[in-house]
Amino acid sequence: MKLSQLKRVRVALLVDKIQTIVKNCGIGPGGFQPGNRCQRGGKGGGSVPGATIRSEAKTGAPPPPYSPNVDKIGKHGVTTHARVGVGAEDLPPPPKIGRIPNLTPHERRVETMFVKAFEKDPNGMANKFLDIVKQSTKPGDAPTFGTDDAKVLTSAWSHKDINKRAQNRATLNTPLHQTANAIAKRAFVNHLDTLKPGDEVMVTVGGCGAGKGYALKNVPEALDMKKKAKAVWDSAGDQNATENPWIQKEAEKRGLKVNYVYVHADPKTQWAHPERGVVKRAGDPNDGRMVDAKVFADSYALGAKNHQAFYEANKNNKNASFIFLENTGMPKKLDGIPKDSLQLDRKELAKFAIARVAKIDAPAHVKRGALMGIRIWEDD
Amino acid sequence: MSKESEQDFWKEDADRLNQMAELAKGVSVDVKEGEPPELNDDGSLKEGSKSED
Chain B
90 MKLSQLKRVR VALLVDKIQT IVKNCGIGPG GFQPGNRCQR GGKGGGSVPG
140 ATIRSEAKTG APPPPYSPNV DKIGKHGVTT HARVGVGAED LPPPPKIGRI
190 PNLTPHERRV ETMFVKAFEK DPNGMANKFL DIVKQSTKPG DAPTFGTDDA
240 KVLTSAWSHK DINKRAQNRA TLNTPLHQTA NAIAKRAFVN HLDTLKPGDE
290 VMVTVGGCGA GKGYALKNVP EALDMKKKAK AVWDSAGDQN ATENPWIQKE
340 AEKRGLKVNY VYVHADPKTQ WAHPERGVVK RAGDPNDGRM VDAKVFADSY
390 ALGAKNHQAF YEANKNNKNA SFIFLENTGM PKKLDGIPKD SLQLDRKELA
440 KFAIARVAKI DAPAHVKRGA LMGIRIWEDD
Chain A
4 MSKESEQDFW KEDADRLNQM AELAKGVSVD VKEGEPPELN DDGSLKEGSK
54 SED
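Listed in order, the protein sequences are those of chains B and A.
Numbering-wise, the first sequence is residues 90 to 469 according to my numbering.
Numbering-wise, the second sequence is residues 4 to 56 according to my numbering.
If you're looking for bench data, these hints aren't it; they were derived computationally from the structure.
Keep in mind that a hint or two might mislead.
Stated by the list, open to error - Taking lysine-lysine pairs in the BS3-like style, the calculated list, with each CA pair at most 27 angstroms apart, reads:
1. A/K35 with B/K205
2. B/K227 with A/K35
3. B/K209 with A/K14
4. A/K28 with B/K249
5. B/K147 with A/K49
6. A/K49 with B/K440
7. A/K28 with B/K147
8. B/K249 with A/K49
9. B/K369 with A/K14
10. B/K253 with A/K28
11. B/K421 with A/K14
12. A/K35 with B/K249
Unchecked claim - Using C-beta positions, here's what the derived DEER-type ranges look like:
13. B/K164 with A/K28: 38 to 44 angstroms
14. B/D210 with A/K49: 53 to 59 angstroms
15. A/R19 with B/D210: 49 to 55 angstroms
16. A/Q10 with B/D220: 41 to 47 angstroms
Stated by the list, open to error - Derived contacts from chain A toward chain B, CB cut-off under 8 angstroms, selection only:
17. E9
18. K28
19. D44
20. L48
The model shown is predicted, which means the values in this text are computed figures rather than measured ones.
Just so it is clear, CB atoms sit at the ideal spot from N, CA and C, and this is done for glycine as well.
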């Protein structure tokens, strides 16, 4: 079948699905009808999960658009790009920050304001973040750099009404991620420049919501590693452990050693467990952070494979060391990444996560944060 | 460690983030996020949501 014919078929299938949803939800001139299956949180709805989010008005990405192949493996045996953030080896600018596809007008405005502010003064923004990190570091601890934390450099992350703040943190997480990743990387490298040869850096690795911070606090070997560190890179799961080769390179340029802590967890538990899952955590208005289901799925499926490849390439590197932890209830040390984790299928896991969040009882903004990827990355 | 401890950790981490957000208030970028859009229960935008323009 020709590409144009394939596109027509896919559009026809989508139109058919939308028509089915409209019919099932009884949408008519009076809006949703009482008792309708689609009316409450998607529960029991026969509609395709996230179908209405998928059909929201979208804006095209301004240049440069960011739609990488998340499965493409680079020279280090590790994939080169995640679906969010900047390229693994990149420290913008250059290049310019890549723009997420298919954002709504509201999301695009927010993304644009953050990108523009950063590109106007990248080092200034990075140093503002570095100052905030240092001010919030407890005495004796190493400064910790995390992409998600860099989102505090936006007004959206500090609305005075905590419920609105929580809604922002769930629904604007993805649009702000590109610039936040660039800021965090630049601030981290600026801090590395202040260290001396022989100093050690710690890197945490693991899927979104794996419990990296929690596991670190509860396993003695990990705590020891943290005590020795002069800097901590708290990897965003969203980056699928793509950044490790870049971190290792930047560290070795400066004569530093890097100690990697990988935290394994079961993604299905970490997503939807009623007490321990990411969805539950996002429902707390004091927190509010929520990750998209496709980003979440990639973080486990691709993150595990990437870290395994990186470990294989560096296990005899005297400038690197590795420990593996498990967070499946009681954090403990492992010998390596469990084999099952290396066989996860990111698309199957995403389907699971999407279907679960569409059904469970969660605030609307948390569902939105979880499902917006259906619109943003409609073809993958 | 009991499951309450992991949830205690979440609270501690949220407090940490909120402390950073406070520190950022004088230097953060106004991203013109406005009011969050109005949503249906399934997370989709309500028709005519004010903040979508």
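Here is what the structure says about each hint:
no.: 1; hint: A/K35 with B/K205; result: 13 angstroms, holds
no.: 2; hint: B/K227 with A/K35; result: 32 angstroms, violated
no.: 3; hint: B/K209 with A/K14; result: 35 angstroms, violated
no.: 4; hint: A/K28 with B/K249; result: 11 angstroms, holds
no.: 5; hint: B/K147 with A/K49; result: 15 angstroms, holds
no.: 6; hint: A/K49 with B/K440; result: 24 angstroms, holds
no.: 7; hint: A/K28 with B/K147; result: 30 angstroms, violated
no.: 8; hint: B/K249 with A/K49; result: 24 angstroms, holds
no.: 9; hint: B/K369 with A/K14; result: 12 angstroms, holds
no.: 10; hint: B/K253 with A/K28; result: 16 angstroms, holds
no.: 11; hint: B/K421 with A/K14; result: 22 angstroms, holds
no.: 12; hint: A/K35 with B/K249; result: 15 angstroms, holds
no.: 13; hint: B/K164 with A/K28: 38 to 44 angstroms; result: 43 angstroms, holds
no.: 14; hint: B/D210 with A/K49: 53 to 59 angstroms; result: 37 angstroms, violated
no.: 15; hint: A/R19 with B/D210: 49 to 55 angstroms; result: 26 angstroms, violated
no.: 16; hint: A/Q10 with B/D220: 41 to 47 angstroms; result: 31 angstroms, violated
no.: 17; hint: E9; result: 5 angstroms, holds
no.: 18; hint: K28; result: 6 angstroms, holds
no.: 19; hint: D44; result: 4 angstroms, holds
no.: 20; hint: L48; result: 6 angstroms, holds
In the structure shown, a violation is registered for the earlier hints numbered 2, 3, 7, 14, 15 and 16, in ascending order.
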